[in-house]
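Novice: Chains as they are written, first to last, in the working numbering: chain A, 3 to 42; chain B, 23 to 512; chain C, 43 to 198.
Don't read these hints as lab results, they were simulated from the structure.
Don't take every hint at face value.
As the list claims (entries may be wrong) - No more than 30 Å apart at the CA atoms, straight line, and that leaves these computed lysine-lysine pairs for DSBU-like: (1) B:K61 to B:K292; (2) A:K34 to B:K287; (3) B:K384 to B:K59; (4) B:K287 to B:K59; (5) B:K59 to B:K292; (6) B:K379 to B:K286; (7) A:K34 to B:K61; (8) B:K59 to A:K34; (9) B:K384 to B:K61; (10) B:K286 to A:K34; (11) B:K292 to A:K34.
The model shown is predicted, which means the values in this text are computed figures rather than measured ones.
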Amino acid sequence: MMMSLSVFSGLIWLALVLTMATPVLLLALLVKDFISNQVW
Amino acid sequence: MAETLTTEYALSTELGLTLVVLFGAAWVLFGYWLGRKNKTHEDFALAGRNVGFAFAAATAMATWVTSNTTLVAPQLTYQFGIWGMVGYSFAALGLILFAPLAKRIKTLLPNGYTSGDFIRLRFGRMSWHVFIVISVVYAFGWLVSLGMAGGILLEALSGLDYHLGMTAILIICVGYTLFGGLRAVIATDFIQALIIIIGVSIIAWLLIDNVGLDTIHAELGSDHPKLLDVLFPAAIMFLFNNIFFGLGEIFHSNVWWSRALAFKKTVAFKAFLVGGLLWLPIPIVTGFIALAAPQLGIFPPSPDMVGPTVAAGVLGQVGAVVVFIVVFSALASSLDSLLAATSDLVTRDIYHQHLRKDASDKHLMRFNRYTILGLGILTWLLCMPRIATLGALLNFAGAFVASTIFPILLGLYNRRLPGRYAAAAMAIGTAVGLASYFIIGFYVAALSSCAVSGFICAIGVWRSREQFDWQQLDEAPEQPVTQTDKEQVQ
Amino acid sequence: MPGIIRILIIIITVLPVFFSAAEAQHKELALEGPGAVVKEGYFTLNLIGIADDANYQQLEIEQSTDEAFTQVQSRFPFLGTFRQISLSGFNDGNYWFRARGLSNDGTEFTTAPIAVTVQHYPLWQALTLFGVGAVMFLFVAGYILLAARCGGRQHG
Chain A
3 MMMSLSVFSG LIWLALVLTM ATPVLLLALL VKDFISNQVW
Chain B
23 MAETLTTEYA LSTELGLTLV VLFGAAWVLF GYWLGRKNKT HEDFALAGRN VGFAFAAATA
83 MATWVTSNTT LVAPQLTYQF GIWGMVGYSF AALGLILFAP LAKRIKTLLP NGYTSGDFIR
143 LRFGRMSWHV FIVISVVYAF GWLVSLGMAG GILLEALSGL DYHLGMTAIL IICVGYTLFG
203 GLRAVIATDF IQALIIIIGV SIIAWLLIDN VGLDTIHAEL GSDHPKLLDV LFPAAIMFLF
263 NNIFFGLGEI FHSNVWWSRA LAFKKTVAFK AFLVGGLLWL PIPIVTGFIA LAAPQLGIFP
323 PSPDMVGPTV AAGVLGQVGA VVVFIVVFSA LASSLDSLLA ATSDLVTRDI YHQHLRKDAS
383 DKHLMRFNRY TILGLGILTW LLCMPRIATL GALLNFAGAF VASTIFPILL GLYNRRLPGR
443 YAAAAMAIGT AVGLASYFII GFYVAALSSC AVSGFICAIG VWRSREQFDW QQLDEAPEQP
503 VTQTDKEQVQ
Chain C
43 MPGIIRILII IITVLPVFFS AAEAQHKELA LEGPGAVVKE GYFTLNLIGI ADDANYQQLE
103 IEQSTDEAFT QVQSRFPFLG TFRQISLSGF NDGNYWFRAR GLSNDGTEFT TAPIAVTVQH
163 YPLWQALTLF GVGAVMFLFV AGYILLAARC GGRQHG
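Kindly generate the complete structure, drawing on both the sequences and the hints.
Specialist: See below:
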């Protein structure tokens, strides 16, 4: 049973978008920790 | 493109060496700068037990990224197709399921140091011996294979001599771990995580842009149909074994326990949960890179080389630099974690508990540093001859680590599991896992090991009349020195 | 992730690449494939018997359904100077492979064809193992969720 093109593209795009959001989220969290002096 | 493929190496040796030296110097200096804060052994080994949410989530994710996500996810995708990459991303479940355990660990062992501590206090000496054997086999196998992978990959990408590349990556990781301790490991993990994610995103984005998802899908469908098959038998068989392998790795390894103990108490649970969720899509992105290979006419000599080869092939020199940095970061982020966690295990569980019970805090910190250096040198010696047979011997680590899943779980949550059953579960589980690996195949080693070990634990719980007192896990009174030192620092 | 196995597989598979050249001298040019029936749909082919100084051009693997290669179905170029190639994603069936290329002096050559049989595991077997794994996993996950809820309360 072959995976269709639309499912395939959807999967890859979803993963890529989520992955690209990660650095933004991590940096935002770090800034938040930094402001509240909770880094370490 | 044909031209880039026929040249022997994607990068010149000089450029490769320059990148290694630049990154190496930056990380060692960074580690030195972070290490100035370390006053006590607890600071050095556990970053003062006060790591905040951002660093905690990033280090959980980055350590799990490792070289595997950048090299093995493409390999498995090349071999098992869709299920390879989706199945590989399910390994995030290991991190996610460890989240409640991390919270529990922080509660039960507020003053604990290592996973070995827990096994000794909860199950006694016999289990501890079995556990240490499993831990050491796993940690050394991983250390040596990372060192060797570093040397081989630097050579494959830039022609840099294997011994030189392997030595360089070991010196760099030992260097900043030695100066900075866990604090340096966690901070570099954060940066390495960003580099890895941005790097693989760029490569995947450019691949979609240059080649197109529809073209890739069509090529796979006509020439490599099994890769798109959602009912690919071998891939279906690989799936859960891989998940149990991952669970075993995370649940037992001091790499993860030391992180749980180092995080702030309120942070431990959500850091592992978020780290796991953030990790989930990454193997799909890196794995996808491999699926573009047939369309690009790239057929690697061995499946593990497919990721770097495709990236370097399609993006030329720039792509090769990105791949080089990403792979180098990924190797380093795992290597440093392993060095730190294994040296803690040796310092705390073997030296402090067995050889020098009266060792002072300063003494332990010094010993911990010597251990990191010693582990680095030992790893270097084992990597020197490129012993493939050692690799072959350690090929079945899944059988070892999966046998620890139930003893750890029940040890943390159930009062009744006695130590002798835990020891038997780990020993017999490992033996059965190894046997099934050789008799049946790779896809049952972790599964059968976990099943047998779980069965023995169930008998233990059923027959036992013991009621373990959780207070015994908190060893606080034994280390008044550490406690007061700690308060002074704060 | 499943650290050791994966990386060690990498090392084991890459290693021969670096050593193969020396061993291969003075042998007749031939293609080597998997010794047994392939159950996973992926396999590695090796071109052996090339002298060190040989500089072959346009080296590639040809694939056909019959030994006579009446119709070449696919062509897979070797990567760079490597003499080993990994192919994947094959359905059940019999496949014939041979290597083709140009030698130093420009003469074209092909190696003797070799057969590779791909026979995937039966689906019921795969799904049974999948089922066993799924049940075990649900058990572990369920236990953790339940225990985390009760255990936390008990202790705190």
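Novice: All hints are to be evaluated individually against the structure, with a verdict given for each.
Specialist: Verification of the supplied hints:
For the suggested pair K61 (chain B) and K292 (chain B), the alpha carbons sit about 28 Å apart, so the restraint of at most 30 Å is met. The hinted pair formed by K34 (chain A) and K287 (chain B) meets the criterion: a straight-line CA distance of about 18 Å does not exceed 30 Å. The suggested pairing of K384 (chain B) with K59 (chain B) holds, with an alpha-carbon distance near 14 Å, which does not exceed 30 Å. With a CA separation close to 21 Å, the supplied pair K287 (chain B) and K59 (chain B) stays within the 30 Å bound.
Restraint check for K59 (chain B) and K292 (chain B): the C-alpha separation of about 26 Å stays at or below 30 Å, so the hint holds. Restraint check: the Cα-Cα separation between K379 (chain B) and K286 (chain B) comes to about 28 Å, which is no more than 30 Å; the hinted pair holds. For the hint linking K34 (chain A) to K61 (chain B), the alpha-carbon distance of about 26 Å falls within 30 Å, and the restraint holds. Taken as a hint, the K59 (chain B) and K34 (chain A) pair is honoured in the structure, with Cα atoms around 22 Å apart against an allowance of 30 Å.
Between K384 (chain B) and K61 (chain B) the CA atoms are separated by roughly 9 Å; this keeps the pair inside 30 Å, and the hint holds. Only pairs whose Cα atoms come within 30 Å are accepted, and K286 (chain B) paired with K34 (chain A) is accepted, the gap being roughly 15 Å. At roughly 15 Å between alpha-carbon atoms, K292 (chain B) and K34 (chain A) fall within 30 Å of each other, so this suggested pair holds.
Comparing the model with each earlier hint shows no violations; every hint is respected.
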